[in-house]
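Visitor: Sequence:
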Amino acid sequence: MKFKTHNLVIHFWSVVLFLNSFHVCSSPLVLTCGSNIGGTDADGRKWEPGDKYLIVGEKSAAAKAEIQDPSLPSDVPYMTARIFQSESTYQIPLQNSSSRTLLRLHFYPSKYQNLDISSSYFSVMAGSTTLLNNFSAHLTAQALSQAYLVREYFLAPLKSPSLNVTFRPSDKSFAFINGVEVISAPPEIFDMDPSLVGSAADFQASTTVPIDVTSMETLYRLNVGGNYIGPSSDSGGLMRTWYDDSVYIYGAGRGVAVPANVSISYKGLPPYTAPLDVYKSYRSMGAFADVNKVSNLTWVFEMDPDFMYLVRFHWCDSEMKKLNQRVFDVMINNKSAASEVDLFAWTNDVAKPIRKDYIVNVRKGSGNEYRLWVVLHPTNKTKPQFMDVLLNGLEIFKLSDNARANLAGPNPIISDLMRNYLDGHKMGSKDFLDQSNTSTLIISCTAGGAAAIGIALAIILAVHNRKRPTAASHGDTTRTTSWLPIYWNSNTNTTNTSGLVKNQAPLLTISTDAASNCRHFSLAEITTATNNFEESNVIGFGGFGKVYKGVIDGETKVAIKRSNPSSDQGVNEFVTEIEMLSRLRHRHLVSLIGFCEDSGEMILVYDYMGQGTLREHLYKDNKIALSWKQRLQISIGSARGLHYLHTGAKYTIIHRDVKTTNILLDDKWVAKVSDFGLSKTGPTMSKGHVSTVVKGSFGYLDPEYFRRQQLTEKSDVYSFGVVLFEILSARPALSPNLPQEQVSLADWAARNARNGTMEDIVDPELKGAIGPDSLAKFTETAAKCLADHGGDRPSMGDVLWSLEMALQLQENYEEGGGSPRVENVEQDGIDRDNMMAMHRITLSLGGEDEEEKEKGSRAEDKSDNTFSLYITHEGR
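Here UniProt numbering is used: the first residue of the sequence shown is 1, the next is one more, and so on.
Honestly, the hints are just simulated from the structure, not real lab data. None of the values given here were measured: they were computed from a predicted structure. Cβ coordinates follow ideal geometry from the N, Cα and C atoms, glycine included. Do not take every clue at face value.
Said to hold, decoys possible - Label-pair restraints from in silico Cβ distances:
hint	residue 1	residue 2	range
1	113	737	24 to 32 Å
2	324	96	41 to 49 Å
3	610	522	49 to 57 Å
4	188	251	32 to 40 Å
5	751	114	42 to 50 Å
6	792	349	24 to 32 Å
7	772	651	52 to 60 Å
8	91	760	46 to 54 Å
9	737	28	29 to 37 Å
10	792	66	20 to 28 Å
11	52	188	31 to 39 Å
12	258	232	51 to 59 Å
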C-alpha cells in the first residue's frame, strides 16, 4: 500500500509539472473604448467597457465612427473610440506582474463627429516605456493602405499590481483609442537570452544578450510555407495572428511550400510557443541539388534604424531521420547567426519542434531605407546527403532602448506609387477606377501588428483627403518607409518598356494536352486576319494588350488579343490562359480557339462577341439599354458559368476577378464569363481554402479574402454580389465623385438592404418595370452574397436558384400585370427540384462525351462562344 501511495504522489507531481509546462494564459482583459455596454467580436471574445479603468481623462469623450470600413473584422472594438484632448491614463490591473504583459492597442482612424482625424498626433506610454511618439494613425493607415491598425507589445515585468497606459496628445492635437487588450504572457515565452548575430559562427560559443528587463514590439509573425492563422486558432490563449511569408521573399528563388508528412506534436515544447499548424508546414528549396548549391532562401523586412531586433526561428524537420542529412547556414544582415545547422542533431528526434532566438542591430546609415535580411543557405562543408534548407516560422521583435525606455519609431512614409494614386498626379481617379480598362489591383496582405487591408478607406482617402498634414507640422521631420509594404503592381515578368523582349521567343511550357485542344496559328495567319493589326480593327484594351476584330478561314469572326511588350503581363499568364481555357467547355464560359507564339509574339484567339461587355450596356449611351428581364437572364447565365467552375469542372476553379467587364454577351445576348488569368484551382474538401496573395479588382474584392489571405469559392460569390447590385443600379462598383457614403457600391447597397430602402438604388431606366416580388428576391440574394464572412454567403448553386426564381416572379408579374408578394416558393408553383435539375443539365459534369457534345453545339452556333479580356496572375 505504501508503495502504491508513493507512486500516486510521484504521479500527481508529474501531472502538475506537465500542466505547468503547458501554460495557458490567464483570462485576458479586453476593453472596448468609448462604449458603455461592451460587445462581442468576430472571434467570440467579450469586450468590456474600458471607461471604468480611465483614472485620468478630464478632457475626453466617447465617439462613434461614422464610416464602417468593410475590412473591419467586427464592430467591436473599432466602431467606438475614446477621444482625448489632454493627457489621459488607463490603469489596468495585472494578474501576474512578475511575468511579461502582452499589450495590444487597436486604432481605427475614421471620421468621428466633427474631428479631423488627419490632425491627430499623440504619444502612448506604458508605465515608463514610450510605445508611440507623435504617432499619426491616419498617416500610418494611408502608408499601409489599411483601414485599422493593431500595435502589439510584450512589456517587461513591471513589479507592480497595475499597468498605466497613458495617451498624450501633441500640441493642438488630440489622441484616440478604440480597443485595448491586456494578457498575462507565460513567463517562459522569452526565457532564454538570444545569441548576438556575428559574435560566433558556432551557436554554442556565441555571445548572448540579456533581455529580461527589455520590452519589445511585435513587427512580423509569419507562418513560413503555411496558411494564415487567425487569433482564434492561436495557441496558449495569446490570440496572435500568423501571416503568409511569401510577400517577403526576395528574388526568384521562392522555394517550395511543403506540408509535413508525419503527425506533429509539441514533444515537450510549450504550446504557447507557436500553434502546431506552424510546425506542420515549411518552406524548403526543393530537390535540385545543383541549383541549391548556388542559391539561397531570402526574406527581406523593413525596419526602423538604431534599434536592436530579436529574430525568432521556428523549426520542425519532419523528414530527416539521422545526422548530416540536411545542413545549412543562417545569416542575418550578412552576418552569421548559426552555421552548419543540423536540426536532427539539435533535437535528436524526428519532427520535434524547436525555436532559436538571435539578436541583430540595425544601425542608421546614409540611406533612407533600413532592412533586415534573413538568408538560409545550404552548406557542403559536412558533405550532407541533401543540399537544402528548411524554415517553419519566423517572428521579429523590436527591442526597447533600455537607456531611454523607448520603442517609438517615426511615422511611415507613403510610397511614391501610393502618393501618386492619392494625389492623382500621374493618374486621375476617374481613369484609375475605370473598370472598362480591366485594370486589376494586386495587393499583398502583409504581417506585423496589423491584420487587414481596407480597400474602401483607400478609395475614400484618394478622393477626400487630398490635403495631407505633414509630420513636420508636429515636430517629426524624419520618417522612414513602412515596414509593412504594399505591392500594387508586381511587374516580375521578362517584358519591359524598351520592347527588346519582342526579339526573344517566349519560354513557353504549354502542355501537350492543352496544345491539342486548341489551334496553333502562324503569325502570317494572324496578320492577315487583322489586316496587319490595323488600328481600325481594335475593339478593346486589356492589361495584356489590344484586342482586335479579325476574320479567319474566310468568314469566321474572331477576337484576337495581342500582348503589349510594355504590359505587366507575360509568359506565365499567356500559358495560364491557354492551359485553363483549353480544358473548359461550357455554354456560359469563354471558348479559346487558338494561340500564336511565332517571332516572340503572344497572341490569343477567341470567337467574336457581337454585343461586347455587360458593363457597356449598363453605362454607355451608345449601347442598347437592357430590360429587367434581360438583366435577370444575363445574371442567370453568368451564375451558371461560375457554378460550373465551382462544382462542374474536374477541380474547383475560383475565378478571382468576377466583374461586369468580364461578363461578355454574344449576338443572342447569351452571357459568358471571361478572363481567367487570375483563376486558381480551388481547395480540397479537407482544406477548404487556398492561401494566396490577394489579387482582384477595386470594388469587387472579398473583405474576408483581404483579411485572411485565404481564397475560397465564396470570394467569387462576394464579387458576384457586387455585380448583381451593379446590374440593378447601373452604377460602377466604385464612384469616387459621389458622396462619401456612396463611394463603394457594396457598402451603399448593403446599407440600403438593411434599411429596407432598396428602391433608392434601382436604375431609373427600370422604375416601374420591376415586379416587387422579383426585386425583393433579387436584392435579398445579392445582399446575402455580400455577407462579411464567407460561411454566411450562399453557394453559387443557391444564388442561381434564387435568380431563376426572381426571373419566374418577373414573368408572372409581366403576364398578370402584378402579383402578390410570395412568402413560400412552392405556393407560387416554383419547383426548386426542377430548377436544380435544370442547373445540372447546364454543368456538363461528364468527361469526353460531354465535351464532344459541347463541341458539336459550337459548330452549330458560333454565337455561344466568346473572347476573354485577359488578366495576369502577377498583376497589371
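Visitor: Which hints, by number, does the structure contradict?
Guide: 3, 5, 6, 7, 9, 12
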